[in-house]
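Peer 1: Those sequence lines, one after another, are chains A and B.
Reading the first sequence from the start, the letters are residues 1091 to 1738 in our numbering.
Reading the second sequence from the start, the letters are residues 682 to 1046 in our numbering.
I should point out that these hints are in silico values taken from the structure, not numbers from a laboratory.
Given the structure is predicted, the values throughout are model-derived calculations rather than measurements.
Hints may be right or wrong, so weigh each one.
Per the computed footprint, the stretches of chain B lying under chain A, defined by three or more beta-carbons under 8 Å from a beta-carbon of chain A, are [claimed, not checked]: (1) 849-861; (2) 929-939; (3) 949-963; (4) 1001-1009.
For each residue, glycine too, the CB sits at the ideal point set by N, CA and C.
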Amino acid sequence: MPHRIELKNHQQEIFNFRLRLALSLGFVLLLMFLLLARFVYLQLVRYDYFHTMAEKNRISIVPTVPNRGLILDRNGVVLAHNYSAYTLEITPSKAGDLETTINGLAQFIDIQPKDRKRFKKLLAESRDFESLSIRNRLTDEEIAKFAAQRYRFPGVEIKARLFREYPLHEGTSHLIGYIGRINQKDSERLEEEDLLANYRGSDYIGKAGLEESYEHELHGQTGMEQVEVDAGGRGVRVLSHTPPRSGNNLMLSLDAKLQEIAEQSFGDYRGALVAIDPRNGEVLAFVSKPGYDPNLFIDGIDQQSWDELNNSPDTPLNNRVLRGQYPPGSTLKPFMALAGLHYNKRSPSYTISDPGYFTLPGSGHQYRDWKKDGHGSVDLFRSIVISCDTYYYGLAVELGIDNIHDFLSRFGFGQKTGVDLDGEQPGLLPSQEWKLKRFKQKWYAGDSVSAGIGQGYDLVTPMQLAAATATLANGGVGYRPHLVRAIQSSETGEKRTIAPIVDANFPINPEHFELVRRAMIGVTQPGGTAFQAAAGAPYAIAGKTGTAQVVGIKQGAKYDASKLAERHRDHAWFIAFAPAEAPTIALAVLAENGGHGGSAAAPIARKVMDYYLLGKVPPPPAPKQPLGNAASGVPEAAPATEEVEEHD
Amino acid sequence: MTKREFWHRFTAHLDPVLLLAISLLMLTSLVVLYSAGDASWHRVFAQLGNIVVAFALMWAVANMPLHYLMRSAVPLYLVGILLLLGVALFGEISHGARRWLNLGVATIQPSELMKIGVPLMMAWYFDKYEATLTMKTYAIAALLLLLPVGLIAKQPDLGTAILIGASGFYVLFLAGLSWRVMAGMVIAAAASAPFLWGMLHDYQKHRIMMLLDPTKDALGKGYHTIQGMIAVGSGGVFGKGYLNGTQTHLNFLPESHTDFIFAVYSEEFGLFGNLLLLAMYLFVILRGFVITANASTYFTRLMAGSVTLTFFTYAFVNMGMVSGILPVVGVPLPLVSYGGTSMLTLLLGFGILMSVHTHQKLVKT
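Please construct the entire structure, taking both the sequences and the accompanying hints into account.
Peer 2: This is the structure:
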C-alpha cells in the first residue's frame, strides 16, 4: 500500500510539475507577445517619429555663407568689397582650457586685450561646435609661426574668411554705412521677418547706410550642405549640397570722384552736400562732414575710438544729409516767389519800396531786412538776386501760412523724400493746424513774417532741399531721389535698373518759372549774392544763397561774426542747378557756421559743378585756413561790393 | 574504433535539436557583430573563439553523468559564496562597482559562477529532501537563494542579481511552492517597494526614472534608452539593411556589440528580423521545455526547467531594456552579445540540458 500511495504521489507530482511547466510556457509566450507588441509599436506605429529622430541624429545641416554683394559707383569704382584674409580660430569644444590656449598663442602671435574681450563675447553667443576667431587678419609671418607650433594647440586652426572693406573710408561713411556682427536684437528682428534661416552661419548684417537699407539685396541666399555626422559631431560625408547664391551688387548713381571733390571742397567746414540729377532723381554726391571710418565698426569698434567719435563736438556720427534739420533761410525765397505768382499775390512788375524793415499793419514792431538801409525799389526779380527780406515779409503775410504750406508741400518740404536710405528726418513745414496741435496756439501774422524768409519754424534736411531744388530745376516735375541706380546679379551679371519714380508733378506756369529761373541766374551774375563764387563759369548757374540762424539776434543788435563764438555763427546755404537752361545737376550745400551762403557754401557748389559739367578737377586743397577767417578769405573782387555781401 | 564509431561516441550526448537552435543564434551573433564592429572581422573572430571554448565546455558537461553534477553542487555553491564574500571585502572597484576578485593568476567575477551554482544547489537541496517537502524546506531553499543574490545586489550588480534571483525563483516555483506563499510574496514585495527603492543606488534609481521618462535627460542618463529606442523604431518593418544602420555606424548607440546589440540587429533587420529572432529564442526554449518535461528525476526536472526559463529571462530582459519597457540593467542578449563569460555560463547550462536528456535516454534503453 505505501508503495502504491507513493507511486500515486509520484504521478501527482509529475502532473503538478508539468502543469507548472505549462504555466511557465504560457508566461514565456505572454512575455514574448508583449515584446512583439512593443516592436510593432516602435517599428510600425511610431516608425515615422523614430525615423525622423534617427535622421536628425545623423544629418547636420551646415550652412554655407554667401558672399556679400559689392557696392559700386556709377563708373564701377568699388565703394564696398570683400577680401579674403586669414584668421586664427579656436574651437572651444576641442581646445581644452581656453585661457591656457590663448596665453600660449599670445607668446608668438600678437593678441591684444581687445581681441580677448571680443573672443569672450563671441564665446558667450556661440554654439557648440563653432570655431571662433581670436585674431583677424594674420600677417604671413604670424601664419608661419603658428604653423610651426600648431601641434601644441589642438582645436586651433587658421581659416580663410571674407572681410568687408570700405576703400573710401570717411568719404562715403554716411552713405555706405557699415556691417557689424549680428547681435541679439538683429536676431530677434530676423526671426520676426522669418529670415533667420537664411542667416544661419552669417556673422554680419548691415547696420547703417546702404548696407542696412539694401541688406536684403546684398546678403544673398545661404547655401546648405547636408552632412552626415557621427555621434561626436564629426562630418562623415556630404549628402547633398545647395550652393549659396551671392548677394547682388549695388550700382549707385553716385560718382565717387565727384563725391571726393565735394568732400575736399568743404575744407575745414562741417556740413552737407547733396547733388541730384534733376532729370531722374539720381543722387550724384552725398556728403556729410565730418564722417567716420566705417571699417572700424565691422568687428565691433573699440571703446577708445567709439568715445572719440561719440563725444566729438563735430558729431561725426550724425548723418547731416538725412538727419540734420536746419532752417532753410533765404533758399526758400525762389519757392516763395513762385507761391506769390501762383496765388496772384504778386505780379512780375509789382514793386515795393524797401525802407530796410517791415511792419505789420497796426503794429510798431520792425522786422528788419538784412540790409539796414533797405534795398530801395525791389521787384520780384531783384528780390531774389539781392535776397530782399522785406519783400518776402509782406508776401508771406498776404499769402497766409496755409497757402504757403500747401504750395511748398508740392516741392516736398516737410516730408521725407523717400530716398532709399533709412533714418531720414521729415523736416518741418508749419501750418495753422500744425501749430495748434504742437503748441496749442493760434497762428500769428508775425509767425508768417519769419516763415517768409525761411526762418521761424521751418526746417529742412539737406536731402530735402536738394530734392526741392531738383524739382524746381525740372519745372515742377520731381523725381524721388535715389542712390541705387541698378542692382546687378553677381551670379549672372544681369542688371535690374531701378526706374525713376515721379513724386511731384505740377507743371509750374512757364512764365513764372522763367522769371524765377532768370532771377536765380541773376544771383550768380554781377550784383547777385553768389557772383564771386560763380565768376567765370562757362555755363549758366541758377542759384540762391541762404543763411540759417543758429542764435536769434536781438532787436536792434548788429550781427558781428567776429564777436560770435565760432559755433554760434550762422550756417551758410547754397542751392543751385546748372546749366540753368537745361539742368543736369541740382544741389544743396550747407556749410555749418559758414556765415554767408555766397562766400562759404557757393564755392563748394561751384567746384562740384565744374567737375560734373566740365570735368575740371580743382587744385589740391590749400593749406588749412583758420576757420574764423574763411569768409574774409574770399577775395573781394566784385564791382558792387556792398550788394554782394549777403545777410538776411 | 572506426571513424564512424568515434563520431557516434563523440556526439552521443549532444542533442541535435538544441544544438541546431543555439547554433542559429550564434550565427546571428557573428553576422551582427560584423556590422556592430563596422565591418571588421576583429570581434567576429574573437567571438568565434569564445564559441569554440564554450562548445568544448558544453560537450564536457553534456558527457558528464548527472551524479557528478549533483555531487559538485554543494562545493560549487560554497566556493561561490566564499568568493562573493571575498569580493565584498577585497574586491576590485571598477566603474563604481565592486564585482571582480583578483586571485593573483586571474581576475574573476564570482557572480557569473553563481548563475549556475545557485539553481544547482537549490535543485540538489530539493532533490535531497524530495520525500519530506515542508514549508521549512522551501524556506531554507529561499535562504540559499537570497544570500548570494543579496551579496551580488550589494556590489552593486542589479542585472546579475535579478537573473540569479529569477533562476532560483524558477526552482522554487517548479518545486511546487504553494500559490498562497507566492501571492503573499507579491503582496510583501509591493509593500516593501518604497523601502527597496531607498536601498537602490542612485544610478539604479536614475535608470528606472529614465525608463519612465527618458527625454528628461536625453544626453545624460536617458541617452542609452533613447538611442536604443530610436535605433529599433527607425528600423521599421523591413530594417535599414545589413551594414546600413545609421544609429550603429555613426556611433549613436552605446555598447553596440554587448548589451545593445539587439538595437543593431533591430535597426538593420526591422520588425521581420525581430520576429525571426523571437522565433529562434522560442525554438531554444521549446526544446528546453521538452527536455524538462521528459526529465526523469526531481533534480533534473528542476535544473532543466530553471536553465530554460533563465535563458528566456536573459533574452526578455535584454530586449525589454533596449526597446524601452525595462530599465537599463547590464544584461547581455544571450548567445548574441559579444563576451566570453556569458557564453561560457550559457553553454554550461545547455550542457546540463543535454546531459539531462541524453543520460536518461541511455538509461531508458
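Peer 1: Could you run down the list of hints and mark each one as holding or not?
Peer 2: Each hint, compared with the structure:
| no. | hint | verdict |
| --- | --- | --- |
| 1 | 849-861 | holds (count 4) |
| 2 | 929-939 | holds (count 3) |
| 3 | 949-963 | holds (count 7) |
| 4 | 1001-1009 | holds (count 4) |
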